[in-house]
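2 protein chains.
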Amino acid sequence: DDGPTEDGKETENPLLGFKTSSVLSGSAREKNIFIHGKLADEEAVVIMEKTPIREDTLAELFRGSTLKLEMRNDIYSTYRLQAPLHLNEIKTTVVCPATEKHVKKYQRQESFLVEETGEDYESITLPYIKQQSFSLQWVYNILEKKAEADRIVYEDPDPKLGFVLLPDFKWDQKQVEDLYLIAIAHCRDIKSIRDLKSDHLPLLKNIFQKGKEAIMLRYNLPASKLRVYLHYQPSYYHLHVHFTKLGFEAPGCSVERAHLLSDVIQNLQSDSQYYKTRTLYFPLRAEDGLLSKFRELGRL
Amino acid sequence: DDGPTEDGKETENPLLGFKTSSVLSGSAREKNIFIHGKLADEEAVVIMEKTPIREDTLAELFRGSTLKLEMRNDIYSTYRLQAPLHLNEIKTTVVCPATEKHVKKYQRQESFLVEETGEDYESITLPYIKQQSFSLQWVYNILEKKAEADRIVYEDPDPKLGFVLLPDFKWDQKQVEDLYLIAIAHCRDIKSIRDLKSDHLPLLKNIFQKGKEAIMLRYNLPASKLRVYLHYQPSYYHLHVHFTKLGFEAPGCSVERAHLLSDVIQNLQSDSQYYKTRTLYFPLRAEDGLLSKFRELGRL
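These protein sequence lines are chains A and B, in that order.
205 is the number that the numbering used here gives to position 196 of the first sequence; each next residue is one higher, with no gaps.
290 is the number that the numbering used here gives to position 281 of the second sequence; each next residue is one higher, with no gaps.
Same shape as in the complex, but just chain A (with noise of 0.2 angstroms):
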């Protein structure tokens, strides 16, 4: 039994003294925040978040709550169950004094979503990203063995229709269940999906193919348990496509900024130019510089 009281541990709560300045992020999904403020004269971050509901404790959850009827359509009823105090607790976790480094790695950044036209592609994305000249020398360095080529997984090495599949920074490679690779191209004149055409189809057809033949040899993962697509905007401004594991929810496989590849296929198979005339979406962090743009043109 953790009651409230038995185990003797309950504390004067360091909470009461507590100032809130501002809530960095949280995640209704997650049922977490996290909150900037004071305790006494000290910077502090307050860390909460919701624990899971556990089999084991499900008899005594139902006998000992209290349920409050929301809405009733045919075979279908909504509540508010209110459960015992220690069936329902809070993690908490507060970091004191906390330093300007913790108060910005707890900052959430809010996105907004872009309409971009293609028009607005030539006029503003593309003098935007020739003027940031983002470095790819990592990407090279990758393509010509130069860094991380024990890692590399598969590569076809035609300069034309070839590239290289690596895991992705994010996979520890210890299990399957997030499986997350990338296929880097070897040709360096495809910055993002705005510059495919037709012309491109065998690259991305031998992408395809070749990519998901590598993680069936490899992982033993068939082509029906793979999500495989671009990002728009991508990262960095070199072709390359993800390849993860279905079911497992990778970061940036919202439909909002992940192109399925087999979707990209087959619009430029039936428009070659189906990418450059395309009005496309994508959300953009508040502080990226791309966003300045379109709001300082009034696109937002």
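Be a bit skeptical, because a hint or two may be false.
Heads up, the list lumps identical chains together, so a pair's fine if it works in one copy or across two of them.
Calculated lysine-lysine pairs in the PhoX-like style (CA-CA distance at most 20 angstroms, straight line) [said to hold, decoys possible]:
{"hint": "1", "residue 1": "LYS179", "residue 2": "LYS77"}
{"hint": "2", "residue 1": "LYS100", "residue 2": "LYS77"}
{"hint": "3", "residue 1": "LYS183", "residue 2": "LYS77"}
{"hint": "4", "residue 1": "LYS154", "residue 2": "LYS221"}
{"hint": "5", "residue 1": "LYS100", "residue 2": "LYS114"}
The hints are simulated quantities; they were obtained by calculation from the structure and are not laboratory data.
Computed from a prediction, not measured in an experiment: that's the story for all the values here.
The hints should help you fit chain B onto chain A, whose structure is shown.
Here is chain B on its own, set in the frame of chain A:
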């Protein structure tokens, strides 16, 4: 104040008589659980999910909670927090009587990506949908105001172009961070995006435009904070559109299931037959009857 007794809706606890057969699934990350069992003599599914932590209740939460110290290390301390009952409710849905389909729907299952050509839809999927004849009574109840009428956020009553906009079951409407609304079309002859033709552009544009306006009015969220999309396969075969907050990782917003309404509109503008002829990809769960059909035909 929505404390335990004030609103007079306290309900006889229906879970007192609930006998658990098995836990179908659940997510420690999302703090939810799906349970199969019996209520009296009827099959039932109970879904519980903890509610998000609300910014507007933080002051009361800090003031009214009991904390127990778990660990202290340098600048970090962790606690178990017991919150005032009305600030820490569990959203509970009871489906009763539940069918085999409900049980399957919530059973954790592996997914497989299915490739469906336009011909596959006609020869495999459409006959399967017709044979199943899923009941849409609950949808018609909403459209006819026989249920959930008080939940309607906006309605355009036009029988051809109109729709009803209301919160999805999954959203508790307490914060906009996980905003999730559904627009259900009044017209009853569109099963899914496969049925969409350029004739439907006025309907789709109407839902897009008026849905965004209604959300701006009611929730003060501009279009740049919204992800607006359709599912394929949908979970019920009556045209509906999902409106979720950008940045909230709503279940089913991944690229393999979601289709941005703005893309759907553009695709139909350039090709009225786009969704009739295109090969579409979607995940199906291991025990889905439709998956068996594709399997039997050697299509997996």
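Within, between, both or neither: how does the pair LYS100, LYS114 come out at a Cα-Cα threshold of 20 angstroms? within (19 angstroms within a copy, 31 angstroms between copies)
Copy assignment of LYS100 with LYS77, given that the CA separation must stay at most 20 angstroms: Close across copies (10 angstroms), not inside one copy (25 angstroms); limit 20 angstroms.
Is it within, between, both or neither when you check LYS154 against LYS221 at 20 angstroms Cα-Cα? Cα proximity of LYS154 and LYS221: none, with 22 angstroms in one copy and 49 angstroms across.
At most 20 angstroms between alpha carbons: which applies to LYS183 and LYS77, within, between, both or neither? Between. Shortest inter-copy distance 16 angstroms satisfies the 20 angstroms Cα cut-off; intra-copy 27 angstroms does not.
20 angstroms Cα threshold - placement of LYS77 relative to LYS179: Between copies only: 17 angstroms across chains, 31 angstroms inside a chain, cut-off 20 angstroms.
In summary, the structure is inconsistent with hint 4 from the numbered list given earlier, while agreeing with all the others.
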